[in-house]
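Chemist: Residues per chain, in single letters:
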Amino acid sequence: MDDQHQSHEVADDLSPTRRSFYIKFIYGIMTAIGAALAAPAAIYLLFPPKIPKEGQWVDAADLASLPTGTPEEISYQRTRVDGWKVTSEKATAWVLKKPDNQVIAFAPQCTHLGCAYHWDDPSHTFVCPCHTSAFSIDGKVLAGPAPRPLDRYEVKVDGSRLQIGPLEPHA
Amino acid sequence: MHNKIIEWLEHRTGIQTAIKNFLYEDIPASSGWHQVIGSMAVFFFIIQVFTGGLLAFNYAPTPGEAYNSVKYIMTELTGGSLIRGLHHWGASMMLIIVVLHMLQVFLYGSYKKPREATWMMGVVLLLITLAFGLTGYLLPWDNRAYWGTVVTTQIAAQAPLAGPYLTRLLGGEGSVGNVTFSRFYALHTVLLPPFTMILIGIHIYLVRKHGVTPAVNDTAPRRKFFPEQVFKDTVGVSIAFLILFMMAVFARVPLGRLADPTDTNFIPRPEWYFLFLFQTLKFFKGPLEAIGSVVLPGVAVLTLFLIPFIDRAPLVRLGKRTFAFTFAALALIAWTGLTTAAIVTTPKTTEADETAPGAESLQAWQQLTPEELQGLAYFQKEKCKACHPGAGKRGIGPDLTQMIPAHRDAAWMIPHFKNPAQVVPGSSMPPVQLDDAGLNALSAFVLKLTPQNEQGLLSAPDFAVQGALIYQSKHCDACHQIAGAGKKIGPPLDGVGQHRDRAWLEKHFVDPKSTSPGSMMPPYKFTPQEMDAICKYLLQLPKAGG
Ligand code: FES
Chain P
1 MDDQHQSHEV ADDLSPTRRS FYIKFIYGIM TAIGAALAAP AAIYLLFPPK
51 IPKEGQWVDA ADLASLPTGT PEEISYQRTR VDGWKVTSEK ATAWVLKKPD
101 NQVIAFAPQC THLGCAYHWD DPSHTFVCPC HTSAFSIDGK VLAGPAPRPL
151 DRYEVKVDGS RLQIGPLEPH A
Chain X
1001 MHNKIIEWLE HRTGIQTAIK NFLYEDIPAS SGWHQVIGSM AVFFFIIQVF
1051 TGGLLAFNYA PTPGEAYNSV KYIMTELTGG SLIRGLHHWG ASMMLIIVVL
1101 HMLQVFLYGS YKKPREATWM MGVVLLLITL AFGLTGYLLP WDNRAYWGTV
1151 VTTQIAAQAP LAGPYLTRLL GGEGSVGNVT FSRFYALHTV LLPPFTMILI
1201 GIHIYLVRKH GVTPAVNDTA PRRKFFPEQV FKDTVGVSIA FLILFMMAVF
1251 ARVPLGRLAD PTDTNFIPRP EWYFLFLFQT LKFFKGPLEA IGSVVLPGVA
1301 VLTLFLIPFI DRAPLVRLGK RTFAFTFAAL ALIAWTGLTT AAIVTTPKTT
1351 EADETAPGAE SLQAWQQLTP EELQGLAYFQ KEKCKACHPG AGKRGIGPDL
1401 TQMIPAHRDA AWMIPHFKNP AQVVPGSSMP PVQLDDAGLN ALSAFVLKLT
1451 PQNEQGLLSA PDFAVQGALI YQSKHCDACH QIAGAGKKIG PPLDGVGQHR
1501 DRAWLEKHFV DPKSTSPGSM MPPYKFTPQE MDAICKYLLQ LPKAGG
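Just so you know, the sequences run in chain order P and X. When we follow the numbering used here, the leftmost residue of the first sequence carries the number 1, and every step to the right adds one. When we follow the numbering used here, the leftmost residue of the second sequence carries the number 1001, and every step to the right adds one.
Mixed in with the good hints, there may be bad ones.
[As the list claims (entries may be wrong)] In silico contact screen, one side only, chain X against chain P (beta carbon under 8 angstroms); selected entries:
(1) LEU1054
(2) ALA1056
(3) SER1069
(4) MET1074
(5) THR1078
Since the hints were derived computationally from the structure, they do not count as laboratory data. Quick caveat, the model's predicted, so the values are computed rather than measured. Even glycine gets a Cβ: it sits at the ideal position worked out from N, Cα and C.
All chains, please: the whole structure from these sequences, using the hints.
Modeler: This is the structure we're talking about:
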């Protein structure tokens, strides 16, 4: 016997005000709960981790071994906080020692879309193979789609050693 | 425009009709507040999927790294502890809600013909909820997770016939490790969620097929599910959500120390909803153990599953279901009794003690093992403080009380002690000149440092440090145990001062057999200073677990 289907009449005796109150309440609560979940989720996914910035300075090269006036690509070992882990990884930079012993260190990626560029001695420019951006010896854009000069690392000279620090904020 | 899109969607997919059919289902006039719990369970499942997915975005599913990544979520991501709180407390609330839902269905007799399959599907969903709890418990990979799972896999191993296979399937053969971890993770995140969705779908389909159970003699005109009943469901959901959110904000979700398979001091304890089972096990000793761990729960689950066939009498009014009420009340009393007994009889874990306010009467250094005190001695001798001046202070080296999780690991620290510049390029720290045992001790001590206990640890008196050094150099731990470290060939020394005095100890060291006939301990010759230090050190040792 199918007991629950014995009565087929359906009453909808809700007054219109009551009905609209119910509907508003349902939408209101659902929106509130959605917001209470979405906001923390967005913060959780979008905010940067609160990791203390430590060990940013790295001993990278011997100053005396760098040529004067010609950029040189150096590679060095640095530690990086990678999520819940600290990894030690190889990093590179294009370093220019000027005659007055001032040093500039360029980050090794093209400012267009991040390809590795290199120093082209004959033309005396940095050239990027990807979309033919070219940069002057002090990083200014000479040609191509690159939107800004080459990014630089902060540098410190400690005796005869070159220390490389975090990226300089770009101008 | 808006209407056009809806029209198009409706024409191509029929979505509008489908939603209308779903919402405008007829329900009996007698439906009401008691039926909101099922919707709440679905809601909580959605919360678990959502927060679980978010956690997975920052979680490394391998032992060791899992712990570090959970710590990272808790301490370094904004909102991370809230998300974990929602997931953790959501799991508990989900179980409570599922049980309440079953209780309601049981008391109202809604499992009776033709709804037997709906009920049985519900029992399966209850078991799945428990499986979620069980597998999720391991994933933070702290001591409670590890030890809880050791116990679980061993219970599974006792199952008659299937035991060995179950153990192998859970990867728990030999020990809980990588394999068990991966399998629990796969179950928890890959297999169970879609499986649950399908079963919930079938469950809801069956509810729809047979309609909501009307009360006896409910002949009043039927009503629509929307909006009145949906309103009631929403009220239920919002209250439960508010409670959950409050818990996630205000109740700290514990994360103990990294799982330590050698920690013999840790008392495993399952999640609260498994405590009754844990307690039941205590009543069955030796060969009977399988009765408590497998047979009884098996019979209980089977009974639950077959309830619609056991009780086939026609439906009567709620007030007349005396037997059902008695049965439910007895089950509730038994559950509460067993759970309370489990809470009362299980000693507090040392983990909980570390953060408990009551632990303050003990000095921080009194809770160190001899090895950690030995490490403290080296910490002072090597003048580590010169470059690591302490909590919140800047020195040449970083603050050791707040190292990033990845460095809070002996496997990272020891190579770093041996050759600092190689592990941290550019580090100006000199290599630490100690043998391997010394390096182990030093890293054990450094791992203990927190901003809260640093002062207390470094204020350890000289006799304690010297006493511990002697204890370690004579390898007393080869036979004795202090604070859970060392072997138990001889008596453990925790709290030895409560039944021995200085004179007894001195005599005992010179000639062990004079004080303890039959003792295997060799005599020890100490200088007066050494004797003073070791005796004072031993006599102050706190009682175990205190
Ligand atoms: S990436 Fe260098 S030019 Fe496009």
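Chemist: Have a go at the SER1069 (chain X) hint: is there a Cβ in chain P nearer than 8 angstroms to its own Cβ?
Modeler: holds, 4 angstroms
Chemist: Going by Cβ atoms only, is MET1074 (chain X) closer than 8 angstroms to chain P?
Modeler: At about 11 angstroms, which exceeds the 8 angstroms cut-off, the nearest Cβ of chain P leaves the hint on MET1074 (chain X) violated.
Chemist: Grab the minimum C-beta distance from THR1078 (chain X) to chain P and call the hint holds if it beats 8 angstroms, violated otherwise.
Modeler: Check passed: Cβ of THR1078 (chain X) comes within 4 angstroms of chain P, closer than 8 angstroms.
Chemist: Quick one, is the LEU1054 (chain X) hint okay against chain P at 8 angstroms, beta carbons?
Modeler: With a closest approach of 6 angstroms, the LEU1054 (chain X) hint holds.
Chemist: Quick check on the hint: ALA1056 (chain X) CB to chain P CB, less than 8 angstroms?
Modeler: violated, 12 angstroms
Of the numbered hints given earlier, the model fails hints 2, 4; all others are met.
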